[in-house]
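Going down the list, the protein sequences come from chains V and W. Under our numbering, the first residue of the first sequence is numbered 398, with each subsequent residue one higher. Under our numbering, the first residue of the second sequence is numbered -10, with each subsequent residue one higher.
Please note: incorrect hints may appear among the correct ones.
[Stated by the list, open to error] With a straight-line Cα cutoff of 20 Å, these simulated EDC-like cross-link-like pairs (lysine to aspartate or glutamate) come out:
hint : chain 1 : residue 1 : chain 2 : residue 2
1    : V       : K411      : W       : D127
2    : V       : K409      : V       : E425
3    : V       : K411      : W       : D277
4    : W       : K344      : V       : E425
5    : W       : K315      : V       : D482
It is worth saying that the hints were derived from the structure and are not from the lab.
The chain contents come next:
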Amino acid sequence: MATIQDIINSYKDKPGGIIEAYHAVQREYNYLPEEAVEYAARVFGISAAQAFGVATFYSYLSVAKRGQYIIRMCESAPCHIAGADILIKTFEDELGIKVGETTADGKFTLELTECVGQCQGTPVITINSMPYVDMNPEQVPAVLALCK
Amino acid sequence: MAAEMRIVLRNADQINPDKIEDYVQAGGYKALEKARSMARTDLIAEVKKSNLRGRGGAGFNAGMKWSFVPEAPVKYVVCNLDEGEPGTYKDRTIVEKDPQRLLEGMAICGHAINSNQGYIYCRGEYPYVVDLLRRAIDQARSSGVLGDFNIEVRMGGGAYVCGEETALIESIEGHRGEPRFKPPFPGVSGLWDKPTVVNNVETFANLPDIVMRGGAWFASIGTPSYPGTKVLTLTGDVVNRIPIEVPTNTTIREVIFDFGGGIRGGKKFKAVQIGGTSGGFIPESLLDTPIDADSMRNIGATLGTGAVLVMDETRDIIDIVTRISKFFEHESCGKCNPCREGTFRAYEIMKKINKGQAAPADLDKLALLSRVMTKACLCGLGQAAPGPILTTMEHFKAEYQARLQI
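Using the sequences and the hints, build the whole thing.
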């Protein structure tokens, strides 16, 4: 696994590249450890407060540790009317956690999201950003089983 | 029955989007060649003549926007692929089916405004589109079709407000995506304070055909004041949940009942929200309105991004608008007070109504708050956020009344 410093350094010549660097760190670590934010601040010549401000502005960036598989459930209006509430409840029951939490084994994190742009197949979830469309509650165990 | 007319989706499912050879075989990059043989002012005049209006929602004349860009050593072409309006999947569809068309459109704009650097800001929800675009750019670069025009893809982070052009610019610069005060407009001072044209994917994707066939051809399609086609994305309680591309004089009824195949499960129509989650709700009585931006504005609705969310007779309008209010409360960036506080209070009152705990005075407060936000918010997010509330209070008043605590 590349070190946080190496990842961030590779974006240092890109104007405004801090967000790209954060994405790259998250691809390896699934979240932004505190040292990543502090190091990015130094590399991009901004204060730690500003670097933290950027990291916490965007819902796809997380400064809290997350699981190996990040399950996001869309709750925007098209998914809402297609039964997103029941789907969310089913995931919570199957995993034994609430939205915003991570399973004790560090495998799954459950998050809500707004529209992911797959509204031809509502309701939609994403697992590590890959969409699963036309979800129904009965499919939840099978989808979780895909995450080895 | 009304028929589709494909311009931006012409190559969809006809070519392999991962092969630039296919695009070139289908006539791709001839328009760029032609554009580059034209004087910049003539090219801009041709695009102006086409009356192509921005397809991201605001509907500003694209050629006019370009003509405001002053002479400067460095300028930028920025493509808005942030597509955050719930119910919208048109830009994803256009790019997934035919990415080279977008690159060609951006390069045409690059020639028109004399810029050699383009950025595509793609929403963080579409990492697979980012990958596809990067492959497409690599192919275009190695085959030399783009000449000295460079394009870089930047990925957003899941912030709806970054669809607003100045917030998008802030985000490319590596900042929190908070909108700027306008003026200056990006055309004069945008990315890194340089003149910048920001257009939507669909706007750029129309350019190759406008250049090849001429502005007059494009201006003759659909409704004269908002000519051309529009890609619409159908979702909700409609039989066919598909993307379609239709002339702008197509009516909402044709969209839902001809292309969409009507309402699912043999149920009756209740409402449709067009243009994304900030769009107005439209009742049955207004379905014969053409979808062009001006006709939609005349009925108090929007064309917006072209999302079409259909709701059947069983749907609870109040519950849906409450959910939409939560969306705006969540997505407000917090920079300006009317939006930060307004979206919070609007959601608070909608929850109260939804629970059957509101009094008539709450409706008055909600209506007043909505009108204030429309005028006082800094950017389009806050200005448009009350749209669903105001239009449902108008067209579905009985549903609000029935929920009040007597």
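Task: Numbered hints the structure breaks, given as an ascending list - done: Numbers 3, 4, in rising order.
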